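Keeping their order, the protein sequence lines are chains A and B. In terms of my numbering, the first sequence opens at residue -4 and continues consecutively. In terms of my numbering, the second sequence opens at residue 16 and continues consecutively.
The hints are simulated quantities; they were obtained by calculation from the structure and are not laboratory data. Keep in mind the model is a prediction, meaning the values are calculated, not measured. Do not take every clue at face value.
Think about it this way: if two alpha-carbon atoms lie no more than 25 Å apart in a straight line, the pair counts; the simulated DSS-like pairs of lysine-lysine are [to be verified]: (1) A:K61 <-> B:K24; (2) A:K11 <-> B:K177; (3) A:K30 <-> B:K24.
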Amino acid sequence: MVEDKDILERAAEVLKNEEIPPGPPQEVVEATISKLAEASEQPSTIQIGSRIRIRERLKAMNSLNKVAAAAVLLIVAGYAVGRLSAPRPPDIKELRAALEPAIRQDLLNEHPTSRSFERLWSRRFARICSMR
Amino acid sequence: MIDWNTIIKEHGPGVWQTAYRLLGNDADAADCFQETFVSALRFSRRQRVRNFSALLARLATARAIDQLRRRFRRVQPTTDFDDCIGVESESPCPQEQAAQQELVAKVRQLIGELPPQEAQVFCLRYLNDMSYRQIAEQLSISTNSAGVLLHRARARLRESLKLSAQELE
Chain A
-4 MVEDKDILER AAEVLKNEEI PPGPPQEVVE ATISKLAEAS EQPSTIQIGS
46 RIRIRERLKA MNSLNKVAAA AVLLIVAGYA VGRLSAPRPP DIKELRAALE
96 PAIRQDLLNE HPTSRSFERL WSRRFARICS MR
Chain B
16 MIDWNTIIKE HGPGVWQTAY RLLGNDADAA DCFQETFVSA LRFSRRQRVR
66 NFSALLARLA TARAIDQLRR RFRRVQPTTD FDDCIGVESE SPCPQEQAAQ
116 QELVAKVRQL IGELPPQEAQ VFCLRYLNDM SYRQIAEQLS ISTNSAGVLL
166 HRARARLRES LKLSAQELE
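Only chain A is shown next, with the shape it has when bound in the complex (with noise of 0.2 Å):
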């Protein structure tokens, strides 16, 4: 392992410490200028590539932002819709003073010597509220 490990070492040192001529020769270094400047000449197409994706992604985001609030809008009125349009829950106290004289009559009618008239007036309110 530790004959492995100088290998490597060695090998790393030797590659690190080799001589390397002087350099970058003058005619390397005037063609690279030539270089650059023909490469900054250029348009950056990878600039301008990545503009249009960016523009092309909000125009995007906008519509889906748009069918989101039309989703959002039609869900609201629906619910305004239904909750204007169902039928009003009855009211019990009309429905009461509505029916009693009827089930009263019923009533004398069915135990004309009832003592317990009241209670039986309310069974059968009862009974008939939650036949409806």
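With chain A fixed as given, assemble chain B onto it according to the hints.
Relative to chain A, chain B alone:
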């Protein structure tokens, strides 16, 4: 506006050394030198460069590794001496010099055979003396990932060097 003449003057020798050390000849090093600066120009258009020295070292290493990979994919050399253009050494012993040149050529070949990111981490660590944190910053990876990549690269290189040594024996 970036003054590329000044940057080449300032960092050119470092880039040249990185390129030449990995490629071992003038022609390839010159190509790598040019590609490195053109890549740096493109990079500087996309984002602000905070450390030109580290960026150029990373780009030069990456371009040189690309060339090594192409080179060793194109030809499988029978002997490593063919690719090696010797530089005058102060070593007094020709045998030792030959052995060192052979080892250098072998390491270049093995670096070219490593997965690119592992090769890059190995070179930045061993040849450019970058810290794990610097390597991680340059390659946009975590410090842990840099450590793992370096460990793998070392393991592969060690194994390959061991096999080569056994073959020579």
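A quick look at each hint next to the structure:
{"no.": "1", "hint": "A:K61 <-> B:K24", "result": "violated, 55 Å"}
{"no.": "2", "hint": "A:K11 <-> B:K177", "result": "holds, 20 Å"}
{"no.": "3", "hint": "A:K30 <-> B:K24", "result": "holds, 15 Å"}
Checked against the numbered hints above, the structure violates only hint 1.
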